[in-house]
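Participant: Protein sequences, first through last, are from chains A and B.
Counting in numbering that gives the first Met the number 0, the first sequence runs from 0 upward without gaps.
Counting in numbering that gives the first Met the number 0, the second sequence runs from 0 upward without gaps.
Since the hints were derived computationally from the structure, they do not count as laboratory data.
Just so you know, not all the hints are guaranteed correct.
You can't tell identical chains apart in this list, so a pair holds if it fits in one copy or across any two.
The list that follows gives simulated cross-link-like pairs (lysine to aspartate or glutamate, EDC-like), each with its CA atoms no further than 20 Å apart [what the hints assert, rightly or not]: (1) Lys586 <-> Glu612; (2) Lys593 <-> Glu269; (3) Lys455 <-> Asp81; (4) Lys634 <-> Glu205; (5) Lys402 <-> Asp429; (6) Lys415 <-> Glu458; (7) Lys402 <-> Glu117; (8) Lys88 <-> Asp495; (9) Lys637 <-> Asp616; (10) Lys643 <-> Glu476; (11) Lys536 <-> Glu648; (12) Lys455 <-> Glu558; (13) Lys505 <-> Asp429; (14) Lys643 <-> Asp365.
There are 2 protein chains.
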Amino acid sequence: MSNLAYLFKPKNIAVIGASSHPGKIGNIILKNLQEAKFAGDIYPVNPKAKNILNIPVYQSIDQLPNNIDLAVITIPRDLVVDALESLGKKGLKAAIVISAGFKEVGGAGYHLEERLIEIAKKYNIALLGPNCLGLINTHANLNATFAAGIPNKGNISFFSQSGALCVAILDWTLGTHIGFSKFISLGNKAALDETDMISYLGDDPETKVILGYIENVCSGQKFVQAATKVTKKKPVLIIKSGRTSAGAKAASSHTGAIAGSDQAYTAAFEKSGIIRVLEVENLFNLALAFSSQNLPKGPNLTIITNSGGPGIMAADICEQSCLQMTRLSNQTIEKLKATLPGYASLYNPIDIIGDADTTRYIETIDIIKDDPNTHAILVLLTPTSAIAPQITTLAKEIVNISKSLTKPIFCVFMGKYHVKEAQKILLNHDIPCYPFPEPAIYALETMFKYWEWTQKQPELIPAYPRNLELAAKVIEESKARNQKEIVEFQALQVLDAYNLPHPQTKLARSSQQAMQIAQEIGFPVVLKIASPNISHKTDVKGVIVNLNTPEEVKDAFVEITTRAQRRRPDAYIIGCLVQKMAPKGCKEVIVGFKRDEQFGPLLMFGLGGIYVEVLKDISFGLAPLSREEAKRMIKQIKSYLLLKGFRGEPPINFKALEDILLAMSQLSLDFTEIYEAEFNPVLVNQEQALVADVRFTIA
Amino acid sequence: MSNLAYLFKPKNIAVIGASSHPGKIGNIILKNLQEAKFAGDIYPVNPKAKNILNIPVYQSIDQLPNNIDLAVITIPRDLVVDALESLGKKGLKAAIVISAGFKEVGGAGYHLEERLIEIAKKYNIALLGPNCLGLINTHANLNATFAAGIPNKGNISFFSQSGALCVAILDWTLGTHIGFSKFISLGNKAALDETDMISYLGDDPETKVILGYIENVCSGQKFVQAATKVTKKKPVLIIKSGRTSAGAKAASSHTGAIAGSDQAYTAAFEKSGIIRVLEVENLFNLALAFSSQNLPKGPNLTIITNSGGPGIMAADICEQSCLQMTRLSNQTIEKLKATLPGYASLYNPIDIIGDADTTRYIETIDIIKDDPNTHAILVLLTPTSAIAPQITTLAKEIVNISKSLTKPIFCVFMGKYHVKEAQKILLNHDIPCYPFPEPAIYALETMFKYWEWTQKQPELIPAYPRNLELAAKVIEESKARNQKEIVEFQALQVLDAYNLPHPQTKLARSSQQAMQIAQEIGFPVVLKIASPNISHKTDVKGVIVNLNTPEEVKDAFVEITTRAQRRRPDAYIIGCLVQKMAPKGCKEVIVGFKRDEQFGPLLMFGLGGIYVEVLKDISFGLAPLSREEAKRMIKQIKSYLLLKGFRGEPPINFKALEDILLAMSQLSLDFTEIYEAEFNPVLVNQEQALVADVRFTIA
């Protein structure tokens with residue numbers, strides 16, 4: 000989208016459907032452009048008017064000059080396609096289609112939107128919308144929306160799939176200190192979508208923080224790639240709604256968007272370093288913090304307070320976050336002792352007591368700013384009678400001292416009435432100030448986690464070694480036989496192709512052969528039914544474990560095959576797999592993937608049995624996995640301690656388990672015809688990780 | 000505290016330490032009393048002044064009339080004790096000691112506070128403080144604080160252990176619609192504490208909602224009893240800080256209060272129906288909701304919205320709460336279809352689309368208010384251009400329609416600028432209105448849970464049948480021997496005394512006897528070391544399971560006793576316990592208690608092994624347990640599904656397990672010398688629950 004820049008910084012703008020009637024969208028847009036003091040030419044187009052808001056009007060698109068930078072289109076739906084075509088012919092660079100009635104209403108609207116997409120492609124037009132509120136760029140004096148009011152200039156950019164949310168947020172920020180750089184209503188995302196915006200804003204020097212609201216992502220893998228690059232440079236905070244089934248249902252009836260699974264979104268955000276936000280209010284608390292303060296370069300928070308209760312609450316919140324309460328250096332404590340009155344509490348939270356005045360606050364901050372263990376400072380204030388008359392003075396002093404700070408400083412001035420003026424001063428000087436401790440600490444925690452992300456080394460994703468031909472052969476054979484699943488005795492060859500260790504296994508077509516094989520590979524063994532038609536072996540009681548003698552093997556072979564034939568007369572029974580019993584004392588884990596509509600292969604990991612099924616103790620990741628990501632997936636489950644060794648047990652061989660996750664990731668990318676896969680169980684102990692059972696579902 | 004009423008509704012007030020210097024506490028208090036238009040007599044006491052703020056001054060306490068209702072004392076610490084004594088002699092009913100320097104500074108202050116307590120008892124004075132901000136009763140025109148400003152009259156009462164939080168909250172509510180009834184700073188809680196306040200406010204007709212902030216509870220069991228009664232009548236919402244170790248450390252350095260374990264607080268709040276709140280902001284969001292609207296009589300929430308995005312977000316939040324999205328009745332959907340335009344979404348959330356005006360909103364609310372499935376209504380609004388000019392009209396219409404509603408109605412008007420006026424109208428007419436969906440739904444969820452609490456039948460706590468003498472004998476014997484623990488072979492008798500089933504167990508003093516016993520009770524058996532000095536049997540490898548023959552039993556006896564003697568040469572080895580092996584396929588659970596400093600026996604329950612130790616999947620409850628509470632404790636663990644039967648397994652015998660919890664509860668109350676107890680494991684299956692191992696720690 001090389002023309003994207005014209006959308007944000009046009010030198011001239013045509014308004015197709017400009018209106019002379021106040022209150023009409025085509026009038027509001029023109030007025031908004033004018034009132035924002037857009038410096039370039041504005042060309043209203045209207046067949047009947049001569050002059051609107053003192054701007055000369057063009058009667059038709061044909062009369063417009065060529066090579067216009069941006070057209071804002073707000074004419075009835077059925078006229079939009081032709082208008083865009085005409086504009087395209089005349090060399091238009093970018094368009095905002097405000098008009099509604101497209102994909103969101105279905106039927107004819109859907110087809111008209113398809114036409115729009117075609118035309119945008121044909122003429123290489125950067126197309127925003129349709130069905131959107133428009134776009135604001137405060138740094139270009141551009142307000143191409145029909146919203147009421149324009150936000151302050153700032154360094155926060157926001158894109159939204161919901162026009163209503165744009166309206167609400169504009170309204171919420173009017174008259175506050177929050178300033179925006181770009182403000183974009185995505186509408187139906189016919190052409191330009193969240194990925195384009197993230198990429199553009201990532202390179203935009205006027206944007207320090209990127210915020211977004213989305214209901215779905217248009218192209219998952221492109222999105223992840225683009226976001227991963229941008230988040231290393233600046234924070235991207237996104238609300239993705241439709242998290243729950245009720246929400247997803249509401250979303251699908253809203254835009255008809257199929258959203259994909261929420262786990263996949265969580266995994267995609269995590270992979271690409273996007274900060275997922277759940278509540279609108281938090282989005283702004285975080286934006287405020289990120290846009291104004293440095294990132295904390297570590298987890299240690301030091302709290303300075305003039306009141307015990309709020310100090311305790313803040314310590315509680317800190318302790319439950321990823322942050323921790325700084326252990327102040329001895330030198331710092333000595334300095335505090337020399338400065339503060341005897342009844343102050345010198346340990347974090349530093350309680351400078353209710354009679355503290357501005358001087359005591361500033362002296363304390365001055366000591367803490369040099370404490371080597373402190374990564375972030377929180378100044379907590381209750382408007383006691385001692386400080387109440389000085390709060391604005393204190394705010395100004397904090398602004399002064401903050402200029403020499405490299406650590407982030409946050410204020411929590413509790414209350415409303417007496418602290419109002421001071422809050423304004425702080426906010427106007429880029430010091431976040433909140434009325435309660437919670438949002439301040441939550442913001443600092445998020446900034447710290449983001450700092451950790453920016454410090455991460457880029458992770459290599461090496462191709463996992465494998466014999467592609469062998470695997471392809473097995474899969475092709477299964478497809479040729481119209482199998483929906485590659486069942487175990489075939490799937491074992493795929494495991495071999497990916498060098499995945501599994502217990503020694505051979506196919507026996509008769510009970511005699513089974514006895515022979517058992518003796519070859521050594522007792523005890525397991526017998527499992529082998530049939531291309533039976534994938535859920537336990538449904539036909541097709542597995543008998545712990546067979547210790549040739550006789551037991553023989554009996555088991557007969558029992559299993561007879562029962563399977565009786566229960567599934569339609570199935571072709573090949574015989575039984577004879578498999579060496581896994582070593583004792585193994586842990587059972589599950590490794591699998593399913594293919595997400597938006598993001599492709601979503602890998603999953605968990606401990607076998609109740610951990611996955613009852614406790615839902617599962618971690619997710621998107622292919623391709625790096626080894627770091629495989630490690631993270633393993634560590635992320637709550638039952639991880641069991642793998643690390645519990646009650647004196649040795650830890651499992653983590654590298655072997657990571658290899659299995661990496662192989663699964665590679666496999667999921669190599670063969671898109673495999674729709675779902677599950678290694679269940681994978682048996683892990685101190686030495687090895689063995690794939691004891693496997694199933695591939697073919698799409 | 001029969002004089003408590005005088006604290007809140009005095010007919011006259013003496014101010015001991017009234018001052019003529021503006022800005023001094025003794026002056027501010029007098030001014031506050033005056034400005035709040037207190038109707039009774041005010042008697043300033045000051046040895047030097049004749050007249051302060053046009054009120055005649057008494058030069059000494061002696062000169063005061065007798066039987067004064069309330070004295071507010073704000074003189075230097077060292078004079079307070081004598082002043083209170085003199086006032087007591089003259090028949091004082093209630094006192095607020097503002098002066099600080101008592102227990103909170105330790106040393107002499109501690110002793111002075113003890114004296115205050117004595118005097119209050121001696122003269123039956125209702126004593127608030129010391130070291131407090133004072134007290135407000137808006138319904139009695141009483142402002143006996145030195146805080147700046149007085150809140151609006153309302154039906155919310157608030158008590159706080161932190162004076163600073165009182166200041167912050169007063170400041171926060173100044174100039175808002177939030178109104179208070181009583182506002183109480185507890186200070187050091189020398190005499191009156193949270194329990195007294197909850198009881199008083201519970202009976203106070205001017206209080207609809209009780210809020211509190213505490214750092215500790217003074218008398219746990221009294222607190223639970225009082226609160227349980229009050230919460231059936233009106234909601235009690237409390238912030239208890241010091242939840243984490245960092246917070247508790249801060250709290251203890253703040254007031255020197257020992258808080259007891261946070262789990263015990265959670266259990267106590269749950270037992271007594273107190274709503275625990277974690278954040279100050281939530282406290283007010285909830286207070287607003289409870290103080291103005293009816294409780295929802297079920298979980299079904301219906302959302303009416305003019306914008307898709309916010310509707311989806313609200314549905315997400317609803318789905319993740321205890322509430323659920325109403326499935327509207329067919330009749331309701333038909334009515335909506337007949338009323339709303341074709342492009343509206345008739346299913347919950349009902350999206351009446353961005354062009355909705357006041358009429359469409361009201362028509363929709365009018366239909367939903369009669370929907371039989373709906374328990375609560377949420378009206379969501381984005382200030383679109385269609386509704387923006389009518390928002391205040393809509394607010395007034397909602398106020399009108401709400402008068403005929405028995406279901407709660409909440410508004411979320413997103414934004415700030417265009418919705419400000421409407422928000423005010425709604426709030427002034429007792430309709431909660433929030434700028435974002437989250438706090439509205441959280442408040443409704445909390446109200447629903449509280450409604451469930453009010454519907455609960457009172458639970459009987461029957462005495463658990465037991466042989467007290469037998470149990471007492473064993474415990475006395477152990478105490479006589481100075482044992483710190485009652486180890487298994489003795490403890491089994493306590494189990495018998497409480498009719499607690501355990502695997503058949505006999506003491507063998509020799510290997511021969513062990514073989515004999517094993518044959519008597521039947522194989523397989525377990526052997527366990529029996530020694531009064533060895534409580535952690537596994538530390539000396541003192542347990543061997545699954546012994547199947549007399550020979551195995553003999554060998555095991557020798558092995559265990561020899562090893563124990565070698566490893567613990569100091570220990571007196573009696574022999575081994577021979578215990579019948581528990582039936583196969585049992586689940587292992589743990590039942591125990593420890594004695595909390597504030598709340599007494601805190602019972603705990605969880606599944607054995609990693610569930611408790613790694614996953615921390617534990618539930619807590621306070622003795623005495625009702626059967627309902629035992630049920631709740633069992634259900635509350637995440638691994639409950641395992642007990643209910645997983646993968647076709649039958650459920651365990653829940654009644655038998657409940658009985659063990661009830662017996663443990665009874666035992667914990669019967670013998671306060673037992674400091675901690677643990678049945679670990681208790682083996683449960685479909686038929687029974689067996690206590691397989693037991694340990695009692697004696698204090």
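Participant: Look at each hint and say if it fits the structure.
Facilitator: Results of checking the hints against the structure:
Both within a single protomer and between protomers do lysine 586 and glutamate 612 lie at most 20 Å apart by alpha-carbon distance, with minima of 16 Å and 17 Å respectively. With identical chains, the CA atoms of lysine 593 and glutamate 269 are at most 20 Å apart within one copy only, with a shortest distance of 18 Å there and 41 Å across copies. Taking identical chains as interchangeable, the C-alpha atoms of lysine 455 and aspartate 81 are never at most 20 Å apart, the minima being 50 Å within one chain and 67 Å between chains. For the identical chains of this complex, lysine 634 and glutamate 205 are neighbours neither inside a copy (38 Å) nor across copies (54 Å), given an alpha-carbon limit of 20 Å.
For a Cα distance limit of 20 Å, the shortest separation of lysine 402 from aspartate 429 inside one copy, 10 Å, qualifies, whereas the shortest one across copies, 46 Å, does not. Taking the closest pair of Cα atoms, lysine 415 and glutamate 458 never come within 20 Å of each other, the shortest separation being 47 Å inside a single copy and 44 Å across copies. Proximity of lysine 402 to glutamate 117 under the C-alpha cut-off of 20 Å is found in neither arrangement, the shortest distances being 53 Å within a copy and 55 Å between copies. Proximity of lysine 88 and aspartate 495 under a CA criterion of 20 Å is satisfied in neither setting, with 58 Å inside one chain copy and 96 Å between copies.
In this homomeric assembly, lysine 637 and aspartate 616 come within 20 Å of each other (Cα to Cα) both inside a single copy, at 6 Å, and across copies, at 11 Å. Proximity of lysine 643 and glutamate 476 under a CA criterion of 20 Å is satisfied in neither setting, with 40 Å inside one chain copy and 44 Å between copies. In this homomeric assembly, lysine 536 and glutamate 648 come within 20 Å of each other (Cα to Cα) only across copies, at 19 Å, whereas the closest approach inside a single copy is 32 Å. Proximity of lysine 455 to glutamate 558 under the C-alpha cut-off of 20 Å is found in neither arrangement, the shortest distances being 56 Å within a copy and 55 Å between copies.
Proximity of lysine 505 to aspartate 429 under the C-alpha cut-off of 20 Å is found in neither arrangement, the shortest distances being 70 Å within a copy and 75 Å between copies. For a Cα distance limit of 20 Å, the shortest separation of lysine 643 from aspartate 365 qualifies neither inside one copy, at 44 Å, nor across copies, at 60 Å.
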